[in-house]
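Participant: For the protein sequence lines, the chains are W and U, in the order given.
Going by numbering that gives the first Met the number 0, the first sequence opens with residue 0, and the numbers climb by one from there.
Going by numbering that gives the first Met the number 0, the second sequence opens with residue 0, and the numbers climb by one from there.
If you are wondering where the hints come from, they were derived from the structure by calculation, not from laboratory data.
Treat the hints loosely; a few may be bogus.
You can't tell identical chains apart in this list, so a pair holds if it fits in one copy or across any two.
Unchecked claim - In the DSSO-like style, the derived pairs of lysine-lysine whose C-alpha atoms are separated by at most 27 angstroms in a straight line are:
| # | residue 1 | residue 2 |
| --- | --- | --- |
| 1 | K117 | K69 |
| 2 | K81 | K109 |
| 3 | K109 | K122 |
| 4 | K81 | K69 |
| 5 | K118 | K89 |
There are 2 protein chains.
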Amino acid sequence: MIFTEGQIFEHIFVVSDEIYNGFGSLFNDRNPLHTDEEFARNKGFRGAVMYGNILNGFLSFFIGELLPTKHVIIHSQEINYKNAVYINDKLNFKATVEGVFESVNVVEFKYSFVNEDKKTVAKGKISIGII
Amino acid sequence: MIFTEGQIFEHIFVVSDEIYNGFGSLFNDRNPLHTDEEFARNKGFRGAVMYGNILNGFLSFFIGELLPTKHVIIHSQEINYKNAVYINDKLNFKATVEGVFESVNVVEFKYSFVNEDKKTVAKGKISIGII
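For reference, chain W alone in the conformation it holds in the complex:
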């Protein structure tokens, strides 16, 4: 098994205009929290709140492209949103191997996304199969 408990993976993800606009177009989510600055400010945010599921897209890239093997498939994911993400936020992503289950070829990670103000914007777990 190429994974070991405690192993760490890190990456910086930027929520660019391209990602923000692309996600909104692709999934046709025009909720005003994400598209109307004034609506978002009236709710106590400092600007349009980025789609939380952009972070799940980043997780797709993490699992698909950043691991030492391409022979993987996601079994399950969970994400807890803690603080709002705004346009152009640079997020420090860190994932730690929490469990390696060799007999069933399963690896479990916990992960977090932290913004430049050192605030955790989201955290959760992902379980993958080695195929």
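Could you slot chain U onto chain W? The hints should help.
Facilitator: Relative to chain W, chain U alone:
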């Protein structure tokens, strides 16, 4: 509160070429399971497996656009992948209100995506806040 326990929401989502290619480009995930038919067939699938996180994009649309109020924000999500999704799959999405917590303005849903062969491809839970 406009939500009640047991309330059901349904929608049909299609994993079109546009969604598949758009997701791959947007998040730059070129893992061969999603992009190489032969690789996927060698792993026992009948073709390229769609990105699981496309379904999380559909959840963004569900929460942002299909509820009876736009004044919502996602607190947490979990998803369990049960069967592979392929290009042009038409998925029956069904979400049921599992809990309504008025004092904290929280609503919890369980949901599933079922393909045309009546196979559940994914299921999970979402918790939202009414803001």
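Participant: Next step is simple, just say for each hint if it's right about the structure.
Facilitator: Hint check results:
1. K117 with K69: neither (31 angstroms within a copy, 30 angstroms between copies)
2. K81 with K109: So K81 and K109 pass the 27 angstroms test inside a copy (15 angstroms) and across (21 angstroms) alike.
3. K109 with K122: This pair counts as both: shortest intra-copy Cα distance 8 angstroms, inter-copy 20 angstroms.
4. K81 with K69: between (30 angstroms within a copy, 20 angstroms between copies)
5. K118 with K89: Cα proximity of K118 and K89: one copy only (11 angstroms, versus 39 angstroms across).
Consistency with the previously given hints fails for number 1 only.
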